[in-house]
Amino acid sequence: MAMTDTRPDDVAHDHHESRPSLASFDAALGSGDHKTTGRLWIGAGALMLAAALVVSLVAAIEHVDLGSLSMFDQEGQFVQIWSMGRILLLLGGLVPILIGIATFVVPLQVGASSLAFPRGAATAFWCWLVSTSLLIISYILNGGPAGGRTDYVVLWTLALGAMVLSVLWAMVCIATTIVGARAPGMDLDQVPVSAWSFFVFSLLGLFILPVVLGQLVLVYLDVKYGFLFDRSSRLSLLGIGDSLTLAPTLYWVGIPTLGIAIEAIAVHTGRPVRFHRSVMVALGGLGILSFGVDLLSYSSRGVAPVFDNGVLVVGLIVAALPVLAALALAGESLKTGSFRVRTPLVAGLLGGLVLLLAVVASILGTVWPIVTFIEDVFDTNVTLDSSFDLTATAFHEGIRALVMGAGVLGVIAGVHHWGHKIWGRSLDDRLGLLTTLTAAGGAIVWGIGGVVNGFLGEPALPIISNDVQDGVEALNGVMAAGAGLLAAAAVLLLLNIARTAFGGGSSNEPWQGVTLEWATASPPIAGNFATAPRVTSATPILDMVSNEVATTVSVDEEASEGVSA
Amino acid sequence: MTSNYQLLPAEIAAPEAARPRMLLLATAFVSLATTMGFASLIGLYVATRADVIRTGETWLPRGVTIPLTQPNMMMFTMVFSAATLAWAIQAMRNDDRANFYIASAVTLLLGFGFVSQSAYLLTIMELDIRSIDRAPLFFAVIGTHMAITVAAMAYLAGMTLRALGGNYNARDLEGIYGATMFWYTTVGLYLVVWFAVYITK
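Taken in order, these protein sequences are the chains called A and B.
Just so you know, the first sequence maps onto residues 238 to 802 in my numbering.
Just so you know, the second sequence maps onto residues 16 to 216 in my numbering.
Derived from the structure by calculation, the hints contain no laboratory data.
Built from N, CA and C at the ideal position, the CB exists for glycine as well.
Just so you know, not all the hints are guaranteed correct.
Just a few of them, taken from the derived set where beta-carbon distance is under 10 Å, the chain A residues facing chain B [to be verified]: (1) 406; (2) 445; (3) 451; (4) 455; (5) 459.
Build the full structure now, drawing on both the sequences and the hints.
In structure tokens, the structure reads:
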């Protein structure tokens, strides 16, 4: 057996795992078990998510008064805080938690005994943790965009590169597991919807994240050899990863939210996803659109302004269709099943709706280029208020807040849905509902505030300016309130996870699904399954139950025939 | 079914079924990511070059020349290494381990030759990285490709060492196929560099 396929060391030990504790830290450090790695990703990611949102809240509060600085001495410090919140939220919090859920759940869902390259996945986590810590240190020591100390700007570049590489390797492990480690009989179109969404998410990550790496290689040389020598020139580093944080590429973060939402809706309404393949096509379609549109627009125009591009306009409009389709298909379960108010269902549903809101709001950004196009081509005198030119405005911050909010809701849904499977104890559902409503409120308030501010002409970058329209600062206050709500939700989620991980919560299995992860114990036994599962459909648990019923019936029939004979 | 040749007692559980294609799949995903990252760098290079030429300037700074001898030799080296790797695979398919080791060693030697030539080319170009704002682009593109080549060499060396340790045979070539896939990705990327950087200048 290849070294890379080595089964986790703890497989050979006892069959039932204990819950994580500080005392088992040394065991976690050396473990290659995907369940331990998944828990580590989720725990550390939740901590970083809360930290990132608190930092974003500080930046949002500072941004309320655009004419002066209140908390910082220099504009550069404000920019650094703003940038730190932005990067940590995506690559420090949201993406790592999603990777953690996928690392834990995907092998169970596809009937595998472990993740592909389990030790590689564990290495990815530890590398990510070290590089994220170095990134934060580089910010503290005056590195990062607009940083004043060259050595720490270089450190920031290297740390961000290492973060991206770690996330990439974790995604390779997840994608490889889904394609190569499925249970016998399970075709790719029979994998659960959430596993499929994680596959699309990982595959898109392999397309999108290396672009950031390419940019970082160049930035490293530019900084190291003196081309970005002062704070103002280093402001350009804010553009790193822009492709990640603008629609439609940004939608890739929302794809697992949709997958988790649809899975949660199916379980908590008691109705399995009926149009399984159609949902998969919709999620795949969103993935293709979110990346393909950017690829086409860049290749056709070079490094083009974001909205000054026909391909992008069409893509932004069409991207709404798969989101609508996925939610409508999941709505069938809602319509025919019983609606039970539980955190995974409510969070998943709200996450899907917030993502839909983001996608629909993005279409507003296409009005200006469409009218400009009509004017150019048909030589008409169409006049449109220039407030529709949203190219470099806070509009994109609003869209970003909505998509990130949808991601946070997806994370809440996922952690609650599989909480018992992950920790052997359920997360507090009432606290979960409070977290969900707080997060949804925060995302909507923050997002809509940004979108409206975009129409009022607020610039996208955090700059000090006295030239602002009436209402912009008031809306900045609203955005800060939204950021505060989202930060509060992240802190509540962290507390709920910590409470459960250290022994709180009920040990009774709260619900059952029809996919393979529900066929094993909570938390799963070492090796995941006592016997290798054999799969014939997308609902293997239902098949197992119906086979048992059929066997019982045939045995009963044989017995009754014997009696009558 | 009982057998006279059964060596293990029945109560010992059967080993976990071997997972086919895992390494190959992972290599395919890594090759995809590598191609994307490199494509972004080449995209930046081409876009910047177009912008500079549009302003009426020449792309290469004054005093800098890119000779074609080395890039062409490097291209032949890479193409030849692809052929020697095909030889290695064919040898392993025939369980001809001696030929496999020779072919792998020749491929690694060609890879080393390629990296050496790249480093030499960077020195004779007389392009100081600090001289002009677009100079880092040359070093980023060429240096990244060198790093990818070194990674491909390490991968192939690892798989060759595993073959030396008794892994792989005519029926199981997964690791060698994986190393080959990544090597061919490296060769393909060099063809892009050869045209975009050295030929078009």
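Consistency of the hints with the structure:
1. 406: holds (8 Å)
2. 445: Holds: closest Cβ of chain B sits about 8 Å from residue 445(A), inside 10 Å.
3. 451: holds (3 Å)
4. 455: holds (5 Å)
5. 459: holds (5 Å)
When the structure is compared with the earlier hints, no violation turns up for any of them.
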